[in-house]
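Chains as they are written, first to last, in this note's numbering: chain X, 3 to 333; chain G, 25 to 154.
There's no promise every hint is true.
Ranges between beta-carbon positions, derived for each pair [to be verified]:
1. G:P35 <-> X:V189: 48 to 58 Å
2. X:A172 <-> G:P145: 28 to 38 Å
3. G:T116 <-> X:I310: 38 to 48 Å
Residues on chain G that point at chain X, a partial pick, calculated with CB under 7 Å [unchecked claim]:
4. A68
5. D106
6. E129
Treat the hints as calculated values from the structure; they're not laboratory data. Being a predicted model, the structure only gives us computed values, none of them experimental. Note that beta-carbon positions come from the ideal geometry of N, C-alpha and C, so glycine has one too.
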Amino acid sequence: MAGDSFESLRARRSDLIADVLEKAEGKRPDIIAMTLAAGGNSRETWIFTVAESGGQRAMVFRCDPDHWIREEEMKTEIAGLTLANRAGVPAPQLLYSSAMINVGRPFVITSVVGGTTIPKRVIREDAFAPARQSFAADCGRILAALHTAVEFSAGWQTIDPVADLEGHRAKVGFRSPVLEGALSWLVRNRPSPIPLRPAHRDFRLGNLMISETGIVAVLDWETCGLSDPHEDLAWLCSRAWRYGGGNPVGGIGTLHDLIESYEYHSGQKIDPVRLHWWRVLAATRWGFASAARPRGSAGGAAIEEAAIARQVCRQEYNVLLELKDSGGATA
Amino acid sequence: MTRDRGIAEPPPAAELVALVAAFLLRDVVPVISDAKLRYRVRAAENLLRLAQREMTCDGDLVRDENGYLITGQMQQAFGTLDRLSDQLGDGTLDIASADVLPLLERYVIEKLRIAAPDAAPPDVPENRKG
Numbered sequence: 003m004a005g006d007s008f009e010s011l012r013a014r015r016s017d018l019i020a021d022v023l024e025k026a027e028g029k030r031p032d033i034i035a036m037t038l039a040a041g042g043n044s045r046e047t048w049i050f051t052v053a054e055s056g057g058q059r060a061m062v063f064r065c066d067p068d069h070w071i072r073e074e075e076m077k078t079e080i081a082g083l084t085l086a087n088r089a090g091v092p093a094p095q096l097l098y099s100s101a102m103i104n105v106g107r108p109f110v111i112t113s114v115v116g117g118t119t120i121p122k123r124v125i126r127e128d129a130f131a132p133a134r135q136s137f138a139a140d141c142g143r144i145l146a147a148l149h150t151a152v153e154f155s156a157g158w159q160t161i162d163p164v165a166d167l168e169g170h171r172a173k174v175g176f177r178s179p180v181l182e183g184a185l186s187w188l189v190r191n192r193p194s195p196i197p198l199r200p201a202h203r204d205f206r207l208g209n210l211m212i213s214e215t216g217i218v219a220v221l222d223w224e225t226c227g228l229s230d231p232h233e234d235l236a237w238l239c240s241r242a243w244r245y246g247g248g249n250p251v252g253g254i255g256t257l258h259d260l261i262e263s264y265e266y267h268s269g270q271k272i273d274p275v276r277l278h279w280w281r282v283l284a285a286t287r288w289g290f291a292s293a294a295r296p297r298g299s300a301g302g303a304a305i306e307e308a309a310i311a312r313q314v315c316r317q318e319y320n321v322l323l324e325l326k327d328s329g330g331a332t333a
Numbered sequence: 025m026t027r028d029r030g031i032a033e034p035p036p037a038a039e040l041v042a043l044v045a046a047f048l049l050r051d052v053v054p055v056i057s058d059a060k061l062r063y064r065v066r067a068a069e070n071l072l073r074l075a076q077r078e079m080t081c082d083g084d085l086v087r088d089e090n091g092y093l094i095t096g097q098m099q100q101a102f103g104t105l106d107r108l109s110d111q112l113g114d115g116t117l118d119i120a121s122a123d124v125l126p127l128l129e130r131y132v133i134e135k136l137r138i139a140a141p142d143a144a145p146p147d148v149p150e151n152r153k154g
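All chains should be modelled from the sequences, with the hints used to inform the complete structure.
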């Protein structure tokens, strides 16, 4: 809402949370603290605390900003959290959602998980050395648990990755020989279909809550769907998500550790040629997603849009590096 | 009105842009308390630095007839970025082929030098080929 102050926004969100908890628990809660988590342009994440007899209870409330309500994405997030909770994939515990309680807009309330999602802290701080040590193997184990949880994925959507890219391309307002050439290469070199599995599809540093000892929770399930399991491994290894780290798995770990752990826990072999195709797709997907950001705002928003548009060449470079790094390479 | 005899010419456009960028960073950003506005002013300062680099770049990029940045070699071979994009998009050219990929790599590196110099590889002779 234009001109909406932060205090006004917080008051309205506090009312919304109270409405949810009153419907769910039969008593209007006493919300004694509420902070907006940093980051996340596409979704608001509020950490709030309610007073209870004999103590306090902290929870997380997530909803879309008022100007960008995305009902389907929240339904997907709810499906993802539900699967994760049932299948033993580390994730916040889903407590209440718009699938259970109608308050006029999509939302989730989850448990609070400790740790950090800030990639540079995880990559650089000494305290996170133990987490870094096991990061790639932990990712392999978690992805194996997710990809084998087929029995909990009834009703999940199948995403055609090439059609998804073509949808992004249609929104791009300028030409990119690199992205258009990569899309054509992806179409011509597409691997044969294999059984699809539940996949996160945005499994990367930044969407993982990490403590000093390891991965605590997988967050941001709004793009999950049925896919080739290689997609999650390739996305995790994208150069865009290494944050200056030198190693392929989130800038932290080795591809060998990731694949060894994944194959051990899932019983499925990773095909290096197929993985290479998905790595090219991952770089191209992020390139198109960056290039397809809307333009045409005024003022400060236009500044941000222009800055993003001029950074698409970073993604184009990543696409070329992935293409140069033919199947089976470990960089 | 007295003239400053130490300045022979008015500052050129790139210098004007650099002056405004420096003013934003040194004088404006420190007094902004609103985090979002501060972020956007920093972004504006970065865009001005980018524009300054584009104005003064000594690389191989030129503007084609449609206004796209393109390397001289690409212009010689394909004329416009649109034509090259069409041929890559319809499969006439293979992006992964040994004659196309280095051409595109040179082009993207030149763009990185302007838009994201931290992400550009070192300016070594082999990166100047192609």
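Hint check:
1. About 50 Å separates the C-beta atoms of P35 (chain G) and V189 (chain X), a value consistent with the hinted range of 48 to 58 Å.
2. Remark: the range hint 28 to 38 Å for A172 (chain X) to P145 (chain G) is upheld by a beta-carbon distance near 32 Å.
3. Between T116 (chain G) and I310 (chain X) the beta carbon distance is about 30 Å. The supplied range of 38 to 48 Å is therefore violated.
4. Because the closest C-beta pair between A68 (chain G) and chain X is about 5 Å apart, less than 7 Å, the hint holds.
5. Annotation: D106 (chain G) was flagged as interfacial toward chain X, and the flag holds, the nearest CB pair being 6 Å apart, inside 7 Å.
6. Interface hint status for E129 (chain G): upheld, as the beta-carbon distance to the closest one in chain X is roughly 5 Å, under 7 Å.
Taken one by one, the earlier hints fail for this structure only at number 3.
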